[in-house]
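Asks: What follows is each chain in one-letter form.
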Amino acid sequence: MIDQIRSLLEQHPMIPLNFGALADDANLYDAGLTSFASVQMMLALEEEFDIEFPETMLTRRTFSSLASIADAVSQLTRKAA
Amino acid sequence: MDAKTFDSKSLLDSLFENGILFESGVDGLYGRSGAFEEVIERFERLVTRLGAPDKATRIHFPPGMSRATLEKSGYMKSFPQLAGCVHSFMGGEREHAQLLGMMADGGDWTELQKATDLALTPAACYPLYPTVAARGPVPAQGLLFELSSYCFRHEPSKDPARMQLFRMREFVKIGTAEQVRSFRESWLKRGRAMIESLDLPCEVDLANDPFFGRGGKMMANNQRDQGLKFELLIPVTSLEKPTACLSFNYHQDHFGQTWGLKFADGEFCHSACVGFGLERVALALFRHHGPDAEVWPAAVRDVLWSV
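Chains as they are written, first to last, in our numbering: chain R, 5 to 85; chain W, -7 to 299.
In short, the hints are calculated from the structure, not lab data.
A couple of the hints might just be wrong.
[Claimed, not checked] Straight-line C-alpha distance at most 16 Å; calculated EDC-like pairs for lysine to aspartate or glutamate:
1. W:K64 with W:D245
2. W:K209 with R:E56
3. W:K221 with W:E177
4. W:K209 with R:E59
5. W:K69 with W:D201
6. W:K150 with W:E15
All chains should be modelled from the sequences, with the hints used to inform the complete structure.
Replies: Pasting the structure below:
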């Protein structure tokens, strides 16, 4: 799951972060993720995994690392399955 | 404007009845009486006097700004629903005849207009950043500006405190993170003291901007988590949902990065602003002290009419 997310985000033209060089638990905001890029990330993840993040999950923390993103995505895909 | 009614429709009606605002046929677009304007002028002088020790550079912008500047600022990413671009007719005689025909038939003639280079200014500080960037590196002590502009936001409403065209006065500090944060702290104190000196009830609270869509919900949560925006709220049309009359915003280095605002050593500048919603403050004064400014409490008149 994390690798799928990493390669998805790496290919996104509007998220200029080097995801390949970031550890699973590295803080993405510290690595330069802007609020706007985090929104692009959220939209890309929803499309890729056919999910919709509920409002309670639209927080800074949810998108703070690849590991926490994977956590959120797997919660939502499990619910959908 | 009796003390018990606190809904927007009755306040708006009472402002019309008392000749303080004048209807235009469009919600959020009103004429202002001489008395209303005088209150705004007095309040602006008070703001300028409070900020005078900091020696800000004053710039007054018109209500329109460069559309290219608005685009580059990222405004359309966050607030596409509020923006307004100016369009004009640029056709020839044939198109003119077509336009008049469409207008006579009640059709949408505006499609014969094209976008001009102008957009309506959404906040007083948007035209400032490229102006500053063009002047070269920011000095180590930072820069301070006092701005005013008519602003536009497309949010038609019967709430007189939510106008589509309104004036905003702002102080903007451009400098290091520490400089702009202490600037904001000082205005949080000064702003509250100023409003209390006008005998208006107020509270300061953490806030967020009305970012567009679900992505906007996330931007808003980010903004709150990081404590980037505070508002000074005064009950104007509702006791439960008081109106934001002043706002205190820390932009981090967003505008520094966007406009290449840098110190001589190449480090990006941070920025912060304090904004005064002039019509909102005037409405709060009329709401709480009555329709006739001549008979407002002596203490309030002393503060406003001594400057």
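Asks: Would you mind marking each hint as holding or not holding in the structure?
Replies: A quick look at each hint next to the structure:
For the hint linking K64 of chain W to D245 of chain W, the alpha-carbon distance of about 15 Å falls within 16 Å, and the restraint holds. Proposed proximity of K209 of chain W and E56 of chain R is supported: the alpha carbons are some 13 Å apart, at most 16 Å. Under the criterion of a C-alpha separation no larger than 16 Å, the hint pairing K221 of chain W with E177 of chain W is consistent with the structure, at around 12 Å. Straight-line distance between C-alpha atoms of K209 of chain W and E59 of chain R comes to about 7 Å, which keeps the hinted pair within the 16 Å bound.
Simply put, K69 of chain W and D201 of chain W have alpha-carbon atoms about 13 Å apart, close enough for the 16 Å limit, and the pair holds. With a C-alpha separation of about 11 Å, the suggested pairing of K150 of chain W with E15 of chain W holds against the 16 Å cut-off.
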